[in-house]
Structure formats: structure tokens, C-alpha cells
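Colleague: Add chains B and C to chain A, keeping to what the hints say.
Chains as they are written, first to last, in the numbering used here: chain A, 1 to 102; chain B, 1 to 673; chain C, 1 to 173.
These are computed hints drawn from the structure, not numbers from a lab.
Among these hints, one or two may not hold up.
So these bits of chain A aren't anywhere near chain B, every CB distance computed over 10 Å [what the hints assert, rightly or not]:
1. Pro2
2. Leu6
3. Ser8
4. Leu11
5. Phe25
6. Val51
7. Phe54
8. Arg55
9. Ala73
Chain B side only, calculated, beta carbon under 10 Å to chain C, not exhaustive [said to hold, decoys possible]:
10. Lys173
11. Ala656
12. Met657
13. Phe660
14. Ala661
15. Val663
16. Val664
17. Gly668
18. Phe670
For each residue, glycine too, the CB sits at the ideal point set by N, CA and C.
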Amino acid sequence: MPEPTLNSFLLLSAVLFAIGTAGVFLRRNLITILLSIEVMLNAVNLTFVAVDRFRGTVDGQIIVFFVITVAAAEAAVGLAILIALFRHRESLNPDAFTSLKW
Amino acid sequence: MSLLLIPLLPFLGFLVNATIGSRLSKSTSATVAVAAIGLSFGVASSVVWSLVHVAPVAGVRALDAVVFTWIQSGGLTIPVEFRVDPLSSVMILIITGIGSLIHLYSTAYMHEETDSEYARYFSYLNLFAAFMLVLVLGASFPLMFVGWEGVGLCSYLLVGFWFTKQTAIEAGKKAFVVNRVGDFGFILGMAAIFATFHTLDFQQVAFRVAQLPVETTAGVLTGITLLLFLGATGKSAQLPLYVWLPDAMEGPTPVSALIHAATMVTAGVYLIGRNAVLFGHAPLTLNVVAVVGCLTALMAGTIGLVQNDIKRVLAYSTVSQLGYMFLAMGVGAFAGGIFHLYTHAFFKALLFLGSGAVIHALNGEQDLRRMGGLKKDLPITYWTFLMGTLAICGVPLFSGFFSKDEILGKAFASGHTVLWAIAVLTAFLTATYMFRLLYLAFFGERRAAPVTAGQADDHGHGHVAAHGAHLRDAPPAMAIALVVLAIGSVFAGYVGVPESLGGGNRFEHYLAPSFQAPTMATIEGALTVAAPTIEPAPAEGQESPTPEMALMGVSVVAALSGIGLASFIYLKRPSVADALAERLSGPYRLLVGKYFVDEIYDAVFVQPIKRVSTLFLWRGVDAGLIDGTVNSVGFAVRGLSAVLRRLQTGSVRAYAMSLFAGVVAIVGYFLWR
Amino acid sequence: MDAISFWILATILVLASVLVVGQRNPMHSVFLLILSFAALAGLYILLGAPFAAMIQVIVYVGAIMVLFLFVVMLLNAPTEEATSGDRIRRMFGAGPRHFGAVLSAVFAVELALALIRLASMPMPSADRGAPVATVYDIGLRLFHDYGFAFEATSVLILVAMVGAIVLARREAR
Chain A
1 MPEPTLNSFL LLSAVLFAIG TAGVFLRRNL ITILLSIEVM LNAVNLTFVA
51 VDRFRGTVDG QIIVFFVITV AAAEAAVGLA ILIALFRHRE SLNPDAFTSL
101 KW
Chain B
1 MSLLLIPLLP FLGFLVNATI GSRLSKSTSA TVAVAAIGLS FGVASSVVWS
51 LVHVAPVAGV RALDAVVFTW IQSGGLTIPV EFRVDPLSSV MILIITGIGS
101 LIHLYSTAYM HEETDSEYAR YFSYLNLFAA FMLVLVLGAS FPLMFVGWEG
151 VGLCSYLLVG FWFTKQTAIE AGKKAFVVNR VGDFGFILGM AAIFATFHTL
201 DFQQVAFRVA QLPVETTAGV LTGITLLLFL GATGKSAQLP LYVWLPDAME
251 GPTPVSALIH AATMVTAGVY LIGRNAVLFG HAPLTLNVVA VVGCLTALMA
301 GTIGLVQNDI KRVLAYSTVS QLGYMFLAMG VGAFAGGIFH LYTHAFFKAL
351 LFLGSGAVIH ALNGEQDLRR MGGLKKDLPI TYWTFLMGTL AICGVPLFSG
401 FFSKDEILGK AFASGHTVLW AIAVLTAFLT ATYMFRLLYL AFFGERRAAP
451 VTAGQADDHG HGHVAAHGAH LRDAPPAMAI ALVVLAIGSV FAGYVGVPES
501 LGGGNRFEHY LAPSFQAPTM ATIEGALTVA APTIEPAPAE GQESPTPEMA
551 LMGVSVVAAL SGIGLASFIY LKRPSVADAL AERLSGPYRL LVGKYFVDEI
601 YDAVFVQPIK RVSTLFLWRG VDAGLIDGTV NSVGFAVRGL SAVLRRLQTG
651 SVRAYAMSLF AGVVAIVGYF LWR
Chain C
1 MDAISFWILA TILVLASVLV VGQRNPMHSV FLLILSFAAL AGLYILLGAP
51 FAAMIQVIVY VGAIMVLFLF VVMLLNAPTE EATSGDRIRR MFGAGPRHFG
101 AVLSAVFAVE LALALIRLAS MPMPSADRGA PVATVYDIGL RLFHDYGFAF
151 EATSVLILVA MVGAIVLARR EAR
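Here chain A stands alone, though its shape is the one from the complex (with noise of 0.2 Å):
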């Protein structure tokens, strides 16, 4: 089998940014929009660690330590919302939210 090469990891790690675009387009439920979100932030990680492995630096692994917490607030609040939302509506599809329309 190849070696993994740089180009390997940035390879996969743009394919797993795709998969989450696509599922926040495709999606019809809040949660899994969510969710998809976390996979792209993933992604971004894989690519933060993947370079600092080849650079010999461990700056991007202190990205990394900040992305993630910046993702774990951004999900606190993300499904604080939703959960308001959820009391409004009864819903967690988000094409039931389109009040601020023409």
C-alpha cells in the first residue's frame, strides 16, 4: 500500500468538508444540519494537524485546541436555539422558518 503522503490527508479532508456541505444542503432536519456542520469543522481540524505533522510545528494543533472549543459553544448555543425554535414551532425542519420573506 502507498504511503500516506501530505497530499493523502489534505485528499480526505476535502472530501469530508464536501460531505458536510452537502449535508447542510440536503438535510431536512435542524439537528442533523448540525451535525453536518461538525463534520466540516472536522475536516478543518484533520488539515490543521495533517500540515503541523509536516511542518515539525505544533501550532496548528493549538488551532485545533481552539477550534474545538470554539465548536463546543457554537453547539451550546446552536442547539439553545434550536430548542427555542423547536417551542415555537413544533418543528425542526427549517423551511418551516420562513417568516422574514418579501
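Modeller: Okay, now just chains B and C, sitting in the frame of chain A:
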């Protein structure tokens, strides 16, 4: 420095009365106004005194005062500079001196107005004086034009002073608009002068014009002077732009005295006098000036013969006398024209103020047919009015005689015999209608309105006269003014007694330098370029006394026969007047209708312009084009936004997707590169 | 670098992610995501970043995913109803959803293209002397050079906490 005070003092008076005047009592407003112009007269007198003692430099005797540089643009520098020389010295003395008397007179005449109206009146009057002084003291065309426009404005304000009266408003508008037509000529002339001579200072222009030959055929100078003359006809009410002056009688009588007798209307004459060298080089224009002046004098004289409103008669007589002044300028007798301007100021102002006293005494009656017998009720008014009438008729020993005679003499001597004859005829008519006025107003018994063939020319300024009420003669303020002016009407002419009668004609010699070009480009002595000798204006030299005595005799005969005719008709056989009117009803109606000039102008100019403006300019351009453009911008925005707002679907996912689409596009772009 | 481990972990990762996006039951999605995170942690260890792997498991899986689970169970999240019709047609039909899917595919292709153009960059392997990043190294860097970011992030977390509480509160009667 003191030169600046002359226009500044009345201007300050205007400021005071315009801003806080409504809160001042009448006596305070009056004091401010009269003091402003009175002090200005004092300063003017002292300035003239020093001027007389100044030695001429380069053939020019003048005092200068520069305030600041007004315009500096490219090659054009116009400082705000005032200059007094013999010509303007005469003018400022007239403006401030007679102006002061009129201000004094107004304090009594306008006394029935409210406090704020009173103050407004005096503020306008002071402003008028200030602008007129700027006009005559200005050392360059633009500065003179400032004064020119300013007096036009003040004339509008003062003629339409009683703005609640429809006829007054219209008269004010008419005055301003007709003046504007003339101003158009002035501006074009000014531009042409700058284009030709690259300077707008009077002395510089005169110097440069003197280098050029006299234009015997139509050329640039003729064009320029004709344009300037157009401006002069507007301001000085000559053919074809005289139509505003009779209507301007809607204003208060002191206003008519100041603006339309003594000062503003003389601005046109002054303009020609100020540019004597320029006009001297365009003899074609001078001919036009002389002819126009002469015809105007005749025409106005004929109209004045049949008018029934006391002020109208005087208005037409003013137009006629101005015609004399222009005739003088046109035959090259510049000093003669100014001399007549000077004497005319005295007796015309006197006549207007006298008529004002009559109107004041009769509580607003202005129709001659309802007057009569005032000689015993209003003695001061009568005697001063008589002095003025004798002066205007050119009766010997009165001031008008000397000035009118000089004009007639110069006209004959310069070869314009036809014009001379017309002028003599006009003198005859002047005497006739003035004494008609005198007799109808002051002699006989008080009449009720006569039952004539429906010619109504009534312009009362308020309420109808009360028959048989006790009449009060002029109050002190008015009487002083009348008496002083009467003395002037008699004696003012003696500064210009011609040589043939033993006088030294000092007036003419005093004024002569003003009508010649300076021999240096600047009188500060920067350049010493001698100007070539110029041809003097035609026939200023000594004339042998015999033809002059004969001419004098002719004019005296004309005047006395006019007086005789008037006395015959109006004292002895009043019915003759009505009989003549019946028999010559065609000409009579023509004269009463003022040759229907107003109606012609209305049909030819006013109505078409109104129609074009309404249909094309208003509906077409303004409402259609301009409003349409602005509105269509609004419609376009509205339409566009109606389309664009559909982007707001409310679906967050759609928004996210558009973001993402942008990212994809950008990445794609960089990939592609 | 163990090539085999890489390929196994990568496969698990991708498959799990696809299924996360494809599953209809959100509960299933959450569990599948946990699985993909685990695989990712394994990849981190392969890359010589044990600290990152630990953080991933403890914080991401242990805290965030648990939070998701709580919310899913709290809301009794309904199973997404099945859409009728052909999967392919659904994929490429009209509307922002499907167009977004197309966009993602395009994006993936773009990234792949970009990567193909790059020269091959081999990774240093452990047995060739590449160091493993220890907690010590990370801590040193973090508190020396990224001290401000650290403090700012803590404020961020505080704000997020407060925000979450406020947002999820029931309306006071």
C-alpha cells in the same frame, strides 16, 4: 476716505430702518433717515470743495478712493473704487441735496402710515440714495452697474410700496421688467467694451478710445454705444422703453420726485456723459441719441397735453425733459445736457412735491378736473409751484431758461436744424400743458367732476376727496422743502449763464475735463504716454452773439405763446378745450390713449411670451421634462426593487447556499488561473 | 507511518460521515458521528498528535455529542419523513437543497483538482525521527505565544454559556 462715507451713510440708514425700524417710533425712523442723507450731503459738499481745489493731473481732476479688490480673474481686475470728478460731483450734490429735502418732505407726507410701514419707506429711500451714489461714484462699469441694478430694485420696491393695491404692484413689476430689457443692452455693451479694450475702468476706457479714430461708419464703437444707449433708454424712459414711467406714478409722490424727477431717470444721461469720449467717437450713435431724445420729447409733450391726473402730466413732462437732455448729449453738448439735468432736478422735484402737497391737502384727490381754486387755500404751495412752472417753461431769468436755451442753441449750431425746430415746438407744448396744469389746479372755483365724453383717467390713492372741507396747506416739513427747491429753481441756473449774456459759463468749463480723455493711461503717473489730440465734440467754441440772441428770442417767444394759449383757454374760455376735444376727437382719443403704445407692446410682446411660457416652458419643459426625469428615477428604483426583493425568500438555507456558491466561484477562479 | 492503519481509519471516517449525512433518524446520525470522531482521533495519533486526539475524544465526543444526544432525546426529534421518488432525481432536482448538493460536489472536485496539481509531499514518519508533540510542547507554545487568544476564548465560552441559558429559557409566565 470721506468719499466712502457718501454712499455709506445712507446705506447705514437703510440698515437701521430695515432691521429695527418697525420697533422705532416714527420720529426716530425719520430722524435716522434724514440725518443719514443730510450728513451725506455735508460730506459730499466738503468733498466737492476739496475737489475744486485739487490740481488736475494729466488733464483729469479727480479724487479716488479704493476700498478693496472685488474681482480678480485672469486678466480682469475690478476694484471697488469710487472716484469723484466734476461730473460726479454735480451728481452727488444733486442726489444728496435734493434727496435730503425729499426725505424731509416725506416725514410729513407719509405720516399717516403705520410705524413699520413708515420705517420701511425710509429704509427703501435711504437704500435708493445709497445705490444711486454708488452708481455715480463708481469708477468702473461693473460698479456703476451695481448701482444701476440697485436703483432699479429700489424703484420696484418704492413704486409698489402700497403693495395691497393691484395697480401699484403691476406698476412696480412693469418698471422692473422694462428696465431689465435696457439692462440687457447695458450688460452686452459692458461685455463688448471689455472684449475690445480689456478694461472696464472709465478713465482707462476713455484713454484707449482716444487712441482710435472717430468711427464714421457703423463699427465696433457704434455697436457698443448703441447697446449702452439701450440701457440708458430703459433707465431714463426714452423711446421705446419709456412705458414704465407714467405707471410708476402709483408710488408715493415723494418717490416720484426723487426717483423719477431728480435722480434715477437721470442715470441714463449720466451714463452718456460719463462715456463722453466713447460716444464722441461714434457719431452715428450720437445721431440716434439726438433723434430719439427729440422724438421722445415731442411725443411725451403731446400726451401730456390731455392727461387729467396731475401726476401723469408731470410724468410725461419728465419724459419730455429727459428727451431734451438726450438731445443735448446727442448733438455733442454734454455739458449742456448735464446742466439741464441739474436745473431740471430742482424744478421737477419742486413740481412733484408741490403736487404732493395738493394731493395731501385734498386727501388723495389727483384728478385735475376735480380741482380748482386752490390758489387762495394753499398759498405756499401755489407760489412755489408757480416758480417751478415758470422754470420748466424756460421763462427768462429762471434756471430752466438758461439750460434749455443752451440745448437749443447747441442743437442749432451743430446743424441739426430739424431737431431744433421740433425742440422749439416741444417747448411751446411744454409751456402750454404746464400752465394748463397750473390753471386747472389753482385757479377758478372748485369743480365737481365734469360730464365729459367718458374719458376717465382717475388714479386716486386712497379715499375720495371731500368737497368743501377746510384745506390745510403744506405742514412745515413739506413747506421747507418746497421753498428751498423754489429758490433753487430760480437761482440754480446762474452758474451756467452763457458768455453771450455776460456770464462766464462756469458750469461748462467746470465740467469740461470730465468729457475728455485723460492724457495718461493711469493718473498715478505710471506711464507717460501722451494721447493724441482728439477732435472736440462738435461746435463747442465761441459763437458770435447775434445768432445766439436770435435763437434765445425764438425760444422765449415759444414759451410765452404757450403760456398765452393756456391762459386764453383755461382762464378765459374753458369751453374751448372741450369743444376742441369734440371736434378733433380722433387725435384726442389717440393722445389720451397715449398712442396705445402699452396696448401694442402687450399684444406684440407680452401675450406671446406668456403663451409660450405657459405652454412650452411650463407644461413642456418644467412639468414634463424636469419633473418627468426626476419622477422616472423614482419609478425606476421602485420597479427595480420590486424585482430584487424576491431574493428575500426567508429561507436561511438559500442564503447559505448563495454564500457557498460565491466561495465555489472564487476558488474556481483561482484554480483556473 | 502505518499505511494500513491510515487506510482503514480513513475509510471508516468517510463512510461514517456519509452515513451521518444520509441517515434519517437523528439519533442514528449522532452515534455515527461519534464513530467518525473516534476514527479521526485515531488519525491524529497516527499523525503524532496525541494531545489533539485526547481533546477530540474528551471534549468533542464526551461533551458535545452528549449534548446533542440530550437535545435529541429532549425534543423527541421526529424521524425525518422519507421523500418519495428516485434518489437520483432528488439529488439533482430543482430547488436550493438540491442545487446545494450539486455545489458541494463541484467544490469537492475543485479541491481535488487543486490537490492533484501539488507536488507530492511525503510525511515524516516516527521511525525516521519526527518528534511526537507532547503536552509540554503544546503548553509552552500556548501560554507563551497564544496567551491572549486563550483568555479571549475563555471569555467566549462564558458568553456562550450565558447565551445558551438565556436562549433556551422558557418564557416567564
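Colleague: Decide, hint by hint, whether the structure agrees.
Modeller: Evaluated hints:
no.	hint	verdict
1	Pro2	holds (25 Å)
2	Leu6	holds (19 Å)
3	Ser8	holds (20 Å)
4	Leu11	holds (15 Å)
5	Phe25	violated (6 Å)
6	Val51	holds (18 Å)
7	Phe54	holds (22 Å)
8	Arg55	holds (23 Å)
9	Ala73	holds (20 Å)
10	Lys173	violated (69 Å)
11	Ala656	holds (8 Å)
12	Met657	holds (5 Å)
13	Phe660	holds (6 Å)
14	Ala661	holds (6 Å)
15	Val663	holds (8 Å)
16	Val664	holds (5 Å)
17	Gly668	holds (6 Å)
18	Phe670	holds (8 Å)
Checked against the numbered hints given earlier, the structure breaks hints 5 and 10 and satisfies all the rest.
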